[in-house]
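Engineer: For this one, chain A is given, so just place chain B on it according to the hints.
2 protein chains.
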Amino acid sequence: MISAWALDGIPEISPGADLVQLIGDALANDENGCLDGDILVVTSKILSKAEGRIVEASDREDAITAETVRVVATRAYEGGVTRIVENRLGIVGAAAGVDASNTAEGTVLLLPVDPDASARALAAALRERFGVRLGIIVSDTLGRAWRIGQTDIAIGAAGVLVVDDLRGQADQQGRPLAVTVPVVADELAGLGDLVKGKASGRPVAVVRGMGRLVTDEVDVPGARTLPRTGPTDMFRLGTDEAYRLGVAGEPLP
Amino acid sequence: MISAWALDGIPEISPGADLVQLIGDALANDENGCLDGDILVVTSKILSKAEGRIVEASDREDAITAETVRVVATRAYEGGVTRIVENRLGIVGAAAGVDASNTAEGTVLLLPVDPDASARALAAALRERFGVRLGIIVSDTLGRAWRIGQTDIAIGAAGVLVVDDLRGQADQQGRPLAVTVPVVADELAGLGDLVKGKASGRPVAVVRGMGRLVTDEVDVPGARTLPRTGPTDMFRLGTDEAYRLGVAGEPLP
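Protein chains in written order, with my numbering: chain A, 1 to 253; chain B, 254 to 506.
Same shape as in the complex, but just chain A (with noise of 0.2 Å):
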């Protein structure tokens, strides 16, 4: 049995807020308490804004321009472009994560700096103060190739396991499960976001039934580890953009 619910409580976050306190009070405030092998689903937005990684939004494509490794597709649309980046972490998406819903007028935010350290931060603090077991995933909201709409993601973790690795195992017939690797970062992010909902000022769920995947230490692989890129990505530029290379007679990066 797993279940999962919003912590109330936390306040609009500033910069500099302290989140260690602030989640750490609204989960000693909670009536479910808090419990070893409690799985914490943190929107990746309140870091951002404790961080004060908030920038005018007519610096937006500057920001998304500082954001990004690689541009992997863009797409012209009424009143802009569009463009699909690598950004800083990994993640192949929209904006490089740019984001300007839930920000305050005239600004957006960008994403956390370094999204698994913050959550080994976090964990290793509300561990200390609740003397439990606690894993963090940070989420972020993610477009998809091939599916309409957004799911949100891990792009930070600390203290659980991001992959449910079925290596080794096997199916009901015996035969090992060798492909299958369920990113269950992923699977909890998008719980988080429906408990957590777009619009209702709860940044902070929590999900309890997982502990099997919650860690002894805190500093465990992160969310660092899920984006493919390079040469194995059979994605790794949109189908117009290598389609023009390739009449230039250019070489594929």
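Just so you know, the hints here were simulated from the structure itself, not pulled from any lab data.
Hints may contain errors.
To be verified - If you only want the chain B side, here are some residues facing chain A, beta carbon under 8 Å, derived:
hint, residue
1, S256
2, A326
3, A398
4, E440
5, L479
6, T492
7, G499
What the hints assert, rightly or not - Which chain B residues stay away from chain A? Per the calculated CB distances, all over 12 Å, these:
hint, residue
8, N282
9, E314
10, D315
11, A374
12, E381
All residues carry an ideal CB built from backbone N, CA and C; glycine is no exception.
Structural biologist: Quick look at chain B alone, frame taken from chain A:
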């Protein structure tokens, strides 16, 4: 508060099995009962088995070809070729969903013929039996561009909203959440995977607490509305494939 668990007591499924009866009995015997607004996440594999969508493993490559509408990308590996294709259902993924895990030795399983229709039939019959509004999500395990591993997504749905359309709602600052379309069906499928696991022999999960997504009617837009293909898809052809067309001076499809 969301809670989710896997149903016990569903046997190995054979061609012709009466899934309405088997899932209904498992639900009737579950200590948590069955409440208005519950959502069942059903692994597509048991629909495939009940429908007899089983072929000899030696015919696997032919089966993939038959399920394929369009080849998106291919990549040779030692021992074969991985084909990323758009399948009959519009879903872009490896091997058109043809799967060898949890199948009888020497056989592979094709995806259900029409997962939305299967979901509608299940939803209608189980609503009739229990006298409550149930939603049905049919899930399958799929890889993603730019990320390692797999998550479960929705390939069929009935009696439940597949997207939580926030257009028209406002964020915390009162601005419209214009761009965000959370694909809750995929997040629910992922939650189902977290509780069912891959090797557990428990192919159906119950999700309680998301009744706001469950609809009065069974026949609402299903998972067939979720794939995005065609010219608006910036990754409609793999990087290498698009590049080669450009080099050869042939048009993009």
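Engineer: Against chain A, with CB atoms and a cut of 8 Å, does the hint on E440 (chain B) hold up?
Structural biologist: Because about 4 Å separates E440 (chain B) from the closest Cβ in chain A, which is inside the 8 Å limit, the hint holds.
Engineer: Checking a non-interface call: every C-beta of chain A should be farther than 12 Å from the C-beta of E314 (chain B). Is that right?
Structural biologist: The claim stands: E314 (chain B) keeps its Cβ more than 12 Å from every Cβ of chain A (closest is about 16 Å).
Engineer: Does the interface hint hold: is L479 (chain B) within less than 8 Å of chain A, judged Cβ to Cβ?
Structural biologist: Since chain A brings a Cβ to about 5 Å from L479 (chain B), closer than 8 Å, the hint holds.
Engineer: Quick check for students: does the CB of N282 (chain B) sit more than 12 Å from each CB in chain A?
Structural biologist: Non-interface label on N282 (chain B) holds, nearest chain A Cβ at 16 Å vs cutoff 12 Å.
Engineer: Have a go at the A326 (chain B) hint: is there a Cβ in chain A nearer than 8 Å to its own Cβ?
Structural biologist: holds (4 Å)
Engineer: If we take the beta carbon of A374 (chain B), is the closest beta carbon in chain A still more than 12 Å away?
Structural biologist: holds (24 Å)
Engineer: Can S256 (chain B) be said to touch chain A, with a Cβ gap under 8 Å?
Structural biologist: holds (4 Å)
Engineer: Using the nearest Cβ pair, does G499 (chain B) come within less than 8 Å of chain A?
Structural biologist: The hint holds - G499 (chain B) has a Cβ within 8 Å of chain A, the shortest such distance being about 2 Å.
Engineer: Would the least Cβ to Cβ distance between D315 (chain B) and chain A come out above 12 Å?
Structural biologist: D315 (chain B) clear of chain A: closest Cβ-Cβ about 20 Å, beyond 12 Å.
Engineer: Once the shortest beta carbon distance from A398 (chain B) to chain A is found, is it less than 8 Å?
Structural biologist: holds (4 Å)
Engineer: Against chain A, is T492 (chain B) within 8 Å by beta-carbon distance?
Structural biologist: holds (4 Å)
Engineer: Classify the label on E381 (chain B) as holds or violated, using whether its beta-carbon is more than 12 Å from each beta-carbon of chain A.
Structural biologist: holds (27 Å)
Checked against the numbered hints above, the structure breaks none of them.
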